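Work out the full structure: start from the sequences and follow the hints.
Number of protein chains: 2
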Amino acid sequence: MAAAFSCPVFFPSTFSYNGNRYHGRIKIKINATSSTKVKTLNEIAGAGKGSSSLATSTEINHLSQEQIRQRIPTKKQLVDPYRQGLIIERGVGYRQTVVVRSYEVGPYKTATLESLLNLFQETALNHVWMSGLLSNGFGATHGMVRNNLIWVVSRMQVQVDHYPIWGEVLEIDTWVGASGKNGMRRDWLIRSQATGITYARATSTWVMMNEKTRRLSKMPEEVRDEISPWFVDKRAINEDVPEKIVKLDDNARYVNSDLKPKRSDLDMNHHVNNVKYVRWMLETIPDKFLESHQLSGIVLEYRRECGSSDRVQSLCQPDEDETLTNGVEQSLLKNMVLTPRIMEGNGYLGPLDVKSYGYTHLLQIKGDSKNEEIVRGRTRWRKTLSTLPYSS
Amino acid sequence: MAAAFSCPVFFPSTFSYNGNRYHGRIKIKINATSSTKVKTLNEIAGAGKGSSSLATSTEINHLSQEQIRQRIPTKKQLVDPYRQGLIIERGVGYRQTVVVRSYEVGPYKTATLESLLNLFQETALNHVWMSGLLSNGFGATHGMVRNNLIWVVSRMQVQVDHYPIWGEVLEIDTWVGASGKNGMRRDWLIRSQATGITYARATSTWVMMNEKTRRLSKMPEEVRDEISPWFVDKRAINEDVPEKIVKLDDNARYVNSDLKPKRSDLDMNHHVNNVKYVRWMLETIPDKFLESHQLSGIVLEYRRECGSSDRVQSLCQPDEDETLTNGVEQSLLKNMVLTPRIMEGNGYLGPLDVKSYGYTHLLQIKGDSKNEEIVRGRTRWRKTLSTLPYSS
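Just so you know, the protein sequences line up as chains P and G, in that order.
Going left to right, the first sequence walks through residues 1 to 392 as full-length UniProt numbering numbers them.
Going left to right, the second sequence walks through residues 1 to 392 as full-length UniProt numbering numbers them.
Hints in this document: simulated from the structure, not taken from any laboratory.
Being a predicted model, the structure only gives us computed values, none of them experimental.
There's no promise every hint is true.
Copies of the same chain look alike in the list, so a pair counts if it works inside one copy or between any two.
Result set (SDA-like, lysine to any residue): computed pairs, CA atoms no more than 20 Å apart in a straight line [what the hints assert, rightly or not]:
no., residue 1, residue 2
1, K75, R146
2, K288, S264
3, K260, P107
4, K260, R279
5, K262, E291
6, K260, K288
7, K262, P107
8, K262, P286
9, K218, P229
10, K75, G93
11, K288, D265
12, K262, D287
13, K262, S292
14, K288, N256
15, K212, N147
16, K260, L290
Next comes the structure, spelled out in structure tokens:
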């Protein structure tokens with residue numbers, strides 16, 4: 001049901017459930033030494049909530065003020081006029097209409113990848129909001145809160161065929177499904193409201209973590225009872241065998257070191273938001289490449305959370321055949337006739353027109369004795385017709 | 001009518017109109033040596049637009065595709081269901097309902113100042129959008145485009161009494177008025193939709209610049225005819241004599257040097273967005289202060305635009321009586337009884353409960369021979385009851 005993008009999978013020293021069996025995407029680290037304990041919103045807010053038997057009248061007043069201001073539904077809602085959201089797909093999917101805002105686009109008026117990731121997070125949380133299952137956390141259900149569980153994302157994949165432009169009206173559909181025995185899949189589709197053309201697709205995988213022990217958890221029966229009625233067997237992206245992302249080492253061609261999380265990078269979970277990770281990844285790619293290419297796809301495998309005091313290193317490596325395909329593509333472009341179809345993408349080539357280029361990415365925390373992986377990534381790029389600086 | 005937050009006042013070597021007479025807030029720099037010419041969106045997009053007599057059919061197709069996707073109104077609209085906006089105040093003001101999104105809040109679920117500034121920009125542009133006056137730029141009217149004029153902001157002031165929280169429904173009102181003979185004032189009010197309580201107020205001053213000559217311009221009669229029917233004589237903030245912001249020098253107590261604009265900081269105008277300026281300013285204040293204080297007000301005086309290749313220095317200086325008032329306030333707090341009114345602010349003290357603290361700010365471009373001012377700022381802060389890291 002839920003989403004807490006800001007809280008990537010964190011690997012404590014032991015596990016309460018065998019992650020190896022989980023979808024094959026979670027890497028088990030035995031005897032990992034880190035055991036960072038970061039206070040959660042609920043822990044910090046705990047004393048002032050009604051759950052405290054010592055709550056004073058002013059504290060209860062505070063709580064009710066927040067409830068009045070936030071108005072989280074306690075029952076399933078079919079329509080939310082303020083969020084412009086509605087429940088679809090025989091009562092289990094969610095659709096939200098959004099307008100691309102002026103500050104969500106970069107140069108050339110196209111929405112940034114960061115904006116799309118933000119909208120994925122927003123619609124996922126609003127889906128849970130509408131379900132009546134949302135508790136006072138970052139997407140956790142009532143059953144999850146009773147079991148001290150929070151959502152952590154383990155994998156995220158996005159494909160962008162067309163970037164929305166400033167002022168454009170979009171429809172974003174999102175739904176959830178089972179992923180293995182203890183996980184959940186969440187998918188998204190972004191469409192143009194005016195033309196119905198699909199602009200972007202995304203899929204993600206989520207597991208539950210005990211926020212006190214920091215261990216991954218099985219899905220408790222009461223939580224399964226809450227969320228499984230919402231599961232749909234439908235996929236935004238068809239991918240039988242997920243692409244394996246190799247781990248880069250110090251020989252990677254491009255390295256940005258000493259990246260430091262800033263105050264403005266922290267979110268409700270007091271962690272660096274995963275959107276910031278993507279920014280760090282992309283900023284490591286040389287400007288020259290970014291000026292002539294547009295991101296068409298990204299896969300992220302989350303390994304560990306990143307705190308505000310960590311120093312992060314971003315590595316990336318272009319695929320080896322880049323120079324070769326670049327030459328091939330240049331000659332292809334010279335003989336290409338511009339068609340209306342190509343121009344549809346706001347000046348960009350469509351996804352099928354040219355071969356794409358690949359980069360492999362790694363974000364890690366530089367330690368004294370060893371490095372800790374935060375996230376591995378793969379990005380795919382297509383060449384732009386004109387020189388469009390910073391088009392992602 | 002309009003708003004182009006990203007394009008602060010730029011001072012070329014000469015002026016086409018005497019800025020000294022303009023509201024007393026624009027500083028004239030005679031014989032300034034800088035004359036950076038940055039291409040605007042319109043210039044870059046020019047060749048592909050219908051205005052080109054050599055436009056090919058594919059280019060015209062491209063244009064119409066963009067028009068279909070964007071749907072900028074050519075006549076005044078009273079309601080926009082997608083933007084949740086409507087024209088109010090006898091046909092000249094604009095009101096938009098927004099929900100505070102999950103990625104617009106920081107730790108502790110409160111909206112960040114950056115998010116509020118983004119919403120000000122968004123509602124200003126949507127006001128112009130609804131007016132039917134919006135041309136294909138960043139808030140410029142048809143008459144402005146015919147005269148090669150763009151909006152530049154010269155001053156911005158924001159007061160925040162309460163920070164909205166995640167999921168809260170807000171009503172944002174915005175309207176414009178005359179400012180001197182050639183300028184425009186734009187004001188905003190943010191209210192809670194549930195309680196009607198005013199959370200924040202803002203006012204700003206705008207002038208026009210010729211995008212080709214980079215000179216400030218008088219308001220042409222045809223532009224005055226477009227926008228003056230929308231002017232209202234009403235103010236969000238009552239301030240007879242604007243506070244003068246002193247210019248800091250190298251003796252400022254806190255200095256961040258070598259700040260480098262990143263790709264993700266650039267916006268539709270290919271300039272560093274002014275919201276980024278605020279981030280640079282606030283990040284120069286020591287963490288210790290930020291952890292126990294919440295921003296209650298900010299004033300910004302824009303002097304010069306900042307390009308992607310500039311290296312920026314951020315200076316700030318606390319008011320001299322900080323230690324003294326800090327002591328006074330501590331004793332005040334010890335004897336204070338918590339009232340529901342105090343708790344209304346989500347745990348923060350209300351604006352009238354304690355004396356505020358002040359900081360003076362300066363962002364400048366470090367040059368070899370001299371420095372160029374980008375923006376001067378003043379921030380006001382109130383102490384928070386509990387230790388709330390990064391609450392702004």
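Going down the list of hints, with the structure as the test:
In this assembly of identical chains, K75 and R146 lie within 20 Å of each other by CA distance solely inside one copy; the values are 18 Å within and 54 Å between copies. Proximity of K288 and S264 under a CA criterion of 20 Å is satisfied inter-copy only: 15 Å between copies versus 28 Å inside one chain copy. Proximity of K260 and P107 under a CA criterion of 20 Å is satisfied inter-copy only: 18 Å between copies versus 26 Å inside one chain copy. With identical chains, the CA atoms of K260 and R279 are at most 20 Å apart both within one copy (13 Å) and between copies (15 Å).
With identical chains, the CA atoms of K262 and E291 are at most 20 Å apart between copies only, with a shortest distance of 13 Å across copies and 26 Å within one. Taking CA atoms no more than 20 Å apart as the test, K260 paired with K288 passes between copies only; the shortest distance there is 18 Å, against 24 Å inside one copy. In this assembly of identical chains, the alpha carbons of K262 and P107 lie at most 20 Å apart only when taken from different copies (13 Å versus 24 Å within one copy). For the identical chains of this complex, K262 and P286 are inter-copy neighbours only, at 12 Å across copies versus 23 Å inside a copy, given an alpha-carbon limit of 20 Å.
Proximity of K218 to P229 under the C-alpha cut-off of 20 Å is restricted to the intra-copy arrangement: shortest distance 18 Å within a copy versus 64 Å between copies. With identical chains, the CA atoms of K75 and G93 are at most 20 Å apart within one copy only, with a shortest distance of 16 Å there and 36 Å across copies. Taking the closest pair of Cα atoms, K288 and D265 come within 20 Å of each other only across two copies (18 Å); inside a single copy the shortest separation is 26 Å, beyond that limit. Taking the shortest Cα distances, K262 and D287 sit within 20 Å of each other only across copies (11 Å), while inside one copy they are farther apart (23 Å).
Within a single copy, K262 and S292 get their C-alpha atoms only as close as 30 Å, which misses the 20 Å cut-off; across copies the closest is 17 Å, which meets it. In this assembly of identical chains, the alpha carbons of K288 and N256 lie at most 20 Å apart only when taken from the same copy (16 Å versus 28 Å across copies). Within a single copy, K212 and N147 get their C-alpha atoms as close as 10 Å, which meets the 20 Å cut-off; across copies the closest is 63 Å, which misses it. In the homo-oligomer, the alpha carbons of K260 and L290 lie at most 20 Å apart only across protomers (18 Å), although the nearest pairing inside one protomer, at 23 Å, exceeds that limit.
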